[in-house]
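Undergrad: With chain A's structure known, arrange chain B on it following the hints.
Residue numbers (our numbering), protein chains in the order written: chain A, 4 to 494; chain B, 4 to 494.
Keep in mind that the hints were calculated from the coordinates and are not lab data. Honestly, I wouldn't trust all of these hints.
For chains that are exact copies, the list does not tell them apart, and a pair is met inside one copy or across any two.
To be verified - No more than 20 Å apart at the CA atoms, straight line, and that leaves these computed lysine to aspartate or glutamate pairs for DMTMM-like:
1. K132 - D372
2. K25 - D15
3. K52 - D342
4. K132 - E58
5. K172 - E204
6. K172 - E332
2 protein chains.
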Amino acid sequence: MSVEGRTFTDLDVEGFLGAVHKLITEEAFVKGTNRGNPVFEFKQPEDLKTLIDFEIKANPSTHAAILEELTKIIKYSVKTGHPYFFNLLFSGLDPYSQAGSWVTDAVNSNMHTYETSPVFILMENYMFKKLTSIVGFDDGGGLFCPGGSASNQLALHIARFNRFPEIKKVGLYGLPRLRCYISEDGHYSLKKAGNYLGIGEENVVTILTDNSGRVLPGDLQQKVVADIEQGYIPLFVMATCGSTVLGSFDSLPELQDICRRYNMWLHCDACYGGSVLLSKQHRHLLYGIERCDSVSWNFHKMSGLPHQCAALLVKNKAILLEANCSKAEYLFQADKFYDTNYDIGDKSIQCGRKVDVLKLWTLWKAIGDLGMENRINKAFEKARYMVDLLKKSPGFRPVLPEFQCVSVSFWYIPERYRGQEETPEWWLAIHKVAPEIKRRMVEAGTLMISYQPMSSKGFVNFFRIVLHNPACNQGDMKYVIEEIDRLGKDL
Amino acid sequence: MSVEGRTFTDLDVEGFLGAVHKLITEEAFVKGTNRGNPVFEFKQPEDLKTLIDFEIKANPSTHAAILEELTKIIKYSVKTGHPYFFNLLFSGLDPYSQAGSWVTDAVNSNMHTYETSPVFILMENYMFKKLTSIVGFDDGGGLFCPGGSASNQLALHIARFNRFPEIKKVGLYGLPRLRCYISEDGHYSLKKAGNYLGIGEENVVTILTDNSGRVLPGDLQQKVVADIEQGYIPLFVMATCGSTVLGSFDSLPELQDICRRYNMWLHCDACYGGSVLLSKQHRHLLYGIERCDSVSWNFHKMSGLPHQCAALLVKNKAILLEANCSKAEYLFQADKFYDTNYDIGDKSIQCGRKVDVLKLWTLWKAIGDLGMENRINKAFEKARYMVDLLKKSPGFRPVLPEFQCVSVSFWYIPERYRGQEETPEWWLAIHKVAPEIKRRMVEAGTLMISYQPMSSKGFVNFFRIVLHNPACNQGDMKYVIEEIDRLGKDL
Chain A
4 MSVEGRTFTD LDVEGFLGAV HKLITEEAFV KGTNRGNPVF EFKQPEDLKT LIDFEIKANP
64 STHAAILEEL TKIIKYSVKT GHPYFFNLLF SGLDPYSQAG SWVTDAVNSN MHTYETSPVF
124 ILMENYMFKK LTSIVGFDDG GGLFCPGGSA SNQLALHIAR FNRFPEIKKV GLYGLPRLRC
184 YISEDGHYSL KKAGNYLGIG EENVVTILTD NSGRVLPGDL QQKVVADIEQ GYIPLFVMAT
244 CGSTVLGSFD SLPELQDICR RYNMWLHCDA CYGGSVLLSK QHRHLLYGIE RCDSVSWNFH
304 KMSGLPHQCA ALLVKNKAIL LEANCSKAEY LFQADKFYDT NYDIGDKSIQ CGRKVDVLKL
364 WTLWKAIGDL GMENRINKAF EKARYMVDLL KKSPGFRPVL PEFQCVSVSF WYIPERYRGQ
424 EETPEWWLAI HKVAPEIKRR MVEAGTLMIS YQPMSSKGFV NFFRIVLHNP ACNQGDMKYV
484 IEEIDRLGKD L
Chain B
4 MSVEGRTFTD LDVEGFLGAV HKLITEEAFV KGTNRGNPVF EFKQPEDLKT LIDFEIKANP
64 STHAAILEEL TKIIKYSVKT GHPYFFNLLF SGLDPYSQAG SWVTDAVNSN MHTYETSPVF
124 ILMENYMFKK LTSIVGFDDG GGLFCPGGSA SNQLALHIAR FNRFPEIKKV GLYGLPRLRC
184 YISEDGHYSL KKAGNYLGIG EENVVTILTD NSGRVLPGDL QQKVVADIEQ GYIPLFVMAT
244 CGSTVLGSFD SLPELQDICR RYNMWLHCDA CYGGSVLLSK QHRHLLYGIE RCDSVSWNFH
304 KMSGLPHQCA ALLVKNKAIL LEANCSKAEY LFQADKFYDT NYDIGDKSIQ CGRKVDVLKL
364 WTLWKAIGDL GMENRINKAF EKARYMVDLL KKSPGFRPVL PEFQCVSVSF WYIPERYRGQ
424 EETPEWWLAI HKVAPEIKRR MVEAGTLMIS YQPMSSKGFV NFFRIVLHNP ACNQGDMKYV
484 IEEIDRLGKD L
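Chain A with its partners taken away, still in its complex shape (with noise of 0.2 Å):
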């Protein structure tokens, strides 16, 4: 290692990666995940402008300065790992994974051949079996993408591709429209896939969900028949498995029925839920995957590693490679002197391809299935106690009235609308509660949990709590409740 010639040694190089591993051990793993740490400074971005030198100059900076702002950027950025935070489908700090994301940037590898590539390639082929038989495809195959979204949008090509090939060469001219399904509640990757890929996001159907937020199949069938009727191919139906904000799962088995009816392709964005099938408790959510033709799964969601960490698997394996390959001579030459199956990339739209299974692999091995399959049913554990506690506590009352996942959302009403009656106008003051707390939660710096309004639960504001992070224990619960109230009590 060397920057501009001179040596590792010349620049101390190595005292400073050792003087950052300390501030990150320090500053990020023990007191950011601290509960006596604030779980975020917020600042405002004019201010926070004015408190990190972002500027580069001409010249160099020394050592100790890019020491002191990695340390501000550690202290002003959001403690995703701390116990408080709830925000999002992802938290939690996770040390194996973190160990294999700093190899992974040690070696800086790419995923396109074996001879660049030979343990990572060996190693991805070694998770997607095992991922593709937890799912239960018998012959199938996968691809780390960058995101759920790539994830989802992939799924959508190679859907095409399936029925229609020749789109490949000519593109979706002379075509009739193609459709796509996803329930109301289901993610808006979907519509940006629509969108990215030429199919137009008017193409991408809506299907109502029951009170839950489970896709309503009857209205999927009613749709699919009024699209044929009128000159559509329905092409993809995409389930979801784990929703955004209320967690539920569509029912898989009544998809895949009308699917074969009509023959649709049934991907299932597991992005968030995926992971449930890790659990021998909690698999059934996702009954009848193995039936899907696709799945999006992510670890940097509910398995809690750092971003990105997102599969993609087909149950037939052979899909990817003639969805996408472009056989580009200067990279996928035939007379290697090794077994060419192994150059994978041309599986992939991406030519270089970032390493993601190491940090995963890392992780699986450390703790093992059952240490992976303990997670979920611990975060199961809190979202089930959360939502007694919510049903126990005035002031609070759950979206929901049972858990679905393990994230749970709730309204909190002021002390001062409590036993009223629930006019439109009642619930347009309880719409503001959520934004006002959430901005004074920010402020103090205490905890983050969304909030967000959904059509079909009158556009009202809600918290979405998301319990996933196996940092947080059934106190931080009772702390939640506790700190909601004290910050929106007076509202």
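TA: Below, chain B without anything else, positioned relative to chain A:
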């Protein structure tokens, strides 16, 4: 930080992470870049499978067992930071960007909203201001993408949106065919993008190049005119600045004239060559870049960062959001407590997006503009030296008479073929030389250089050596000549 409810301290996670840090420092940073050690210990896939214990078991592993496997993972991986690794468009092992990457993982943020990622959103805004100003876009914007292929793909998408905004809603149906143009030496990602975006590979038209691999504007002009006559709509030209194999730079002003004439979007694929802009001495190679509509620029290539750090820059700042937004109400709420213009996530087709800016910022801050410039100048000096050396060395023949970028291509002619008439049979024999030397090179572990055939060079395999690794010096280039000669002399 905690694992399964046990704290950081209980498990001696701190000790484990310290050991991983030590392992990386010793094995990857020090030994892995030492000329006395091999660049690669090649094993055939079946052998490598027996050397690393990939299998994940039900029960946890000890820290010692994980460290043992991580050690072997580094041992059997290619040392892409080694001074004798010249194989690909990335190389080197830079300590500052490694440090930035560690902090990125420790903070584990997400680029969608200011409330989640305040520091990195401001940093990304700062960086894109700097990058667009270097390119010469007065009011440009940008986005980090998961690699260069994704950047080129996104550029095509926004170009299409710019010309036909209705495609976002309704898709490509009912339009005439759109056409895209790229030189025969340009990157295959555009063909993949044609497939992916529903435009079709056939509608990605290949333009001839001159002997040095630069696009022939006359051929573009002719093909555009012919396409218009046949009812196609010419949409998009991808100029190549730093072609994958020969490192050639297309003439941007000439392409710009044609694009203006036919109302086409000019995208510059400077994934490889973009960093040349940092050098006052060499940036003339990208003369006219400020008149392009968009630019792809990968910092994990010539600037030496670990994967992935790929910027897409656009002249019209607003277009990324317009082309991609879908206004998800659970994430981009309008009733937030800060200026939601800082919620930049909806500019992207991703939802969660990895932080790619910090590793770039840390390196750049550490060595300054002058350090970044110096790297490029040094790499060009090495390329010039290498071409001179090739010309002086018996049996070596540069593919191009002059160097064009920091990669240099050459044939090696074993002793018994020298001074002979260069018949088709002779070239066929030479075609087989590079793969055989490569096989020997990898078995010996003494060097990593890629080879490839090129249609414009008679499909005869030649070597390409990429010279931007700051760790590599003139002595290493002499070593390359000697080593290839040693390996191939008897062929």
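Undergrad: Next, verify each hint and record whether it holds.
TA: Going through the hints against the structure:
no.: 1; hint: K132 - D372; verdict: within (15 Å within a copy, 46 Å between copies)
no.: 2; hint: K25 - D15; verdict: both (15 Å within a copy, 15 Å between copies)
no.: 3; hint: K52 - D342; verdict: between (53 Å within a copy, 14 Å between copies)
no.: 4; hint: K132 - E58; verdict: between (47 Å within a copy, 11 Å between copies)
no.: 5; hint: K172 - E204; verdict: between (23 Å within a copy, 5 Å between copies)
no.: 6; hint: K172 - E332; verdict: within (19 Å within a copy, 37 Å between copies)
In the structure shown, no violation is registered for any of the earlier numbered hints.
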